[in-house]
Amino acid sequence: MASNTKKAQKFDAKKSLETVEEQFQTLQILNEEGEVVNEAAMPELSDEQLQELMRRMVYTRILDQRSISLNRQGRLGFYAPTAGQEASQLASQFALEKEDFILPGYRDVPQLIWHGLPLYQAFLFSRGHFQGNQIPEGVNVISPQIIIGAQYVQAAGVALGMKKNGSKSVAITYTGDGGASQGDFYEGINFAGAFKAPAIFIVQNNRFAISTPVEKQSAAKTVAQKAVAAGIPGIQVDGMDPLAVYAAVREARERAVNGEGPTLIETLTYRYGPHTMAGDDPTRYRTSELDNEWEKKDPLVRFRKFLENKGLWNEEKENEVIEKAKEEIKEAIKKADAAPKQKVTDLMSIMFEEMPQNLKEQYEIYKAKESK
Amino acid sequence: MAQMTMIQAITDALRTELRNDPKTLVFGEDVGVNGGVFRATEGLHKEFGEDRVFDTPLAESGIGGLSIGLALTGFRPIPEIQFFGFVFEVMDSIAGQMSRARYRSGGRYNMPITVRSPFGGGVHTPELHSDSLEGLMAQTPGLKVVVPSTPYDAKGLLLSAIRDNDPVIFLEHLKLYRAFRQEVPEEEYTIPLGKADVKREGTDLSIITYGAMVHESLKAAEELEKEGHSVEVIDLRTISPLDIDTIIASVEKTGRAMVVQEAQKQAGVAANVVAEINDRAILSLEAPVLRVAAADTVYPFSQAESVWLPNYKDVIETAKKVLTF
Ligand SMILES: Cc1ncc(C[n+]2csc(CCOP(=O)(O)OP(=O)(O)O)c2C)c(N)n1
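Protein chains in written order, with the working numbering: chain A, 1 to 372; chain B, 1001 to 1325.
In short, the hints are calculated from the structure, not lab data. Even for Gly, the Cβ is constructed at its ideal location relative to N, Cα and C. Mixed in with the good hints there might be a few duds.
Said to hold, decoys possible - One-sided excerpt, in silico: chain B residues whose CB lies under 10 Å from chain A:
#1 Thr1056
#2 Ser1061
#3 Phe1075
#4 Gly1085
#5 Glu1127
#6 Asp1296
Claimed, not checked - SDA-like, lysine to any residue: derived pairs with alpha carbons at most 20 Å apart:
#7 A:Lys216 - B:Asp1314
#8 A:Lys305 - A:Glu295
#9 A:Lys367 - B:Val1298
#10 A:Lys369 - B:Asp1314
Generate coordinates for the entire structure from the input sequences, incorporating the hints supplied.
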């Protein structure tokens, strides 16, 4: 026993963990009341930019509400609700440049839209139509990843490619608190670190992976501290605070394009709705107390207060955005409705650059079926 | 007897074995408090507690490795892979490790693992949730691969799978989970692995199939009956190892055979069955053995899946070719 104690004093392996844990504090700039609590960290944003960010958050909240009701009417397919995560999603995208490349998860459709994906294509993606995934030239994104974590390793590749091309841009990728348990998560941050590739890894920690609480995902107190093992910078930010998210991503971007490698950013956030619209019931695994606690932190509420105090926002402006959103959503649905019916022969023709014998033969069979 | 859906029969089998054998463990993503995304483990966490029924971190490779480790320490793991399209994440654990553990340990270590997973098309999922990937499993020596098509079979086969000392991949077709109810005994019973079931007897043509295609084939057989054709439908139930005896006995009786699978045609389970028939019963055949399968594309974006998936009409069309050859 005595010698054991002595040993423990000599090699205190726990100490390094404690030191790391103490270092990961949450970055916040705007508190729940919309007050600036960290002036030093304030990002440089013009009044117009601040208004634009608010506009996008309001717009996206409406888009979420409409998408949910369209889904319930059977007019949209697969949909993962986004309300609650606007700051985390939109402020991080707002910190990017057009040439930056986004590798999203299934919940990250809003970032794609603000990065240039036409809304009607987002709806086609939801409906399971391949034209939703045909990203227009000049829009630097790939369609949402379904396999959790896969986008993380690919982001390391995109970032390395950018570095080899000498372009001053970054790859940004998103996953959730659950995704941060995947092997691909660790491989992605490690590869990017090893190659000093210009990547930004975002983990939107909304506390639940479907039903599984974040506490069950790992013994690590924060996701951000996982960066330490990869030898890259990591930071945890208040994901309900658009300014903190923006500041952290902007700084990570600067480092990346300066050749200093990747950053891991954990945003503490919450999804108000169900996991997806396919039968998830949050009351099975979340309490209404927790829901209420997080709704008080709402990103729109605090940013609205902040902007109103500065005289940059009012109800009229907000209503304008809401009306415009509704109008554009209606138009986009119309456009999605007008897409040609998807055929199996279409899918055959996008399989290979040149159709192999088996598909050629099957093509004729399906063509005959489809023309009936 | 109770009327059960397939998913209820599966829950029932899990509950039965959790009660019977304290070494059984049920784990995976969202299988605990939430009862699984399809509710296959509904109520089990409550009854057996966190020690026996638990959520894992989100990592399929981790779930596979954990299963192997628990098997090495005397447990009987029943992991769930939330959708079989995610199997690629755990392919090494399944096809590279647990399938070989007995062999590479010279028979020293068993792998009494039952990997349960939903698969199959027709319910408008996003990508990689509906793929029929059982062929990859059937191609892997060291694994048994089971695909039930009815509630009754599901319970009996799952109990056998769990009790089996070798790794079993147990694939549950999404569309069959709640498609219909059937009488299922409340007491325990087993259905042996590796045994096909003649779901309908006939004398003119043998349709060999499994999974959701059993029902399309049965529907086709009914239609063909109206036109005077007597069709036998064999539900493989286990696609590896195959029940060669049942297949060959049927083919020798009818002299005509075809194989129906939901998966893409290329290098599939159906191709293997055709080869086995040709190897063993070619002289009994009056016609070539044809296949009904899906097109050789990636599983389609959901808007095209109803056309892509084989159905009873395709079965009838091919059956007529075989019958009139
Ligand atoms: C490889 C893989 N495993 C499992 C799933 C099924 N699944 C979809 S979402 C999800 C939970 C994800 O949680 P998290 O990463 O925290 O992201 P969130 O949905 O909360 O945004 C699971 C298990 C999947 N899509 N891919």
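Going down the list of hints, with the structure as the test:
no.: 1; hint: Thr1056; result: holds (8 Å)
no.: 2; hint: Ser1061; result: holds (5 Å)
no.: 3; hint: Phe1075; result: violated (20 Å)
no.: 4; hint: Gly1085; result: holds (8 Å)
no.: 5; hint: Glu1127; result: holds (5 Å)
no.: 6; hint: Asp1296; result: holds (5 Å)
no.: 7; hint: A:Lys216 - B:Asp1314; result: violated (47 Å)
no.: 8; hint: A:Lys305 - A:Glu295; result: holds (15 Å)
no.: 9; hint: A:Lys367 - B:Val1298; result: holds (18 Å)
no.: 10; hint: A:Lys369 - B:Asp1314; result: holds (11 Å)
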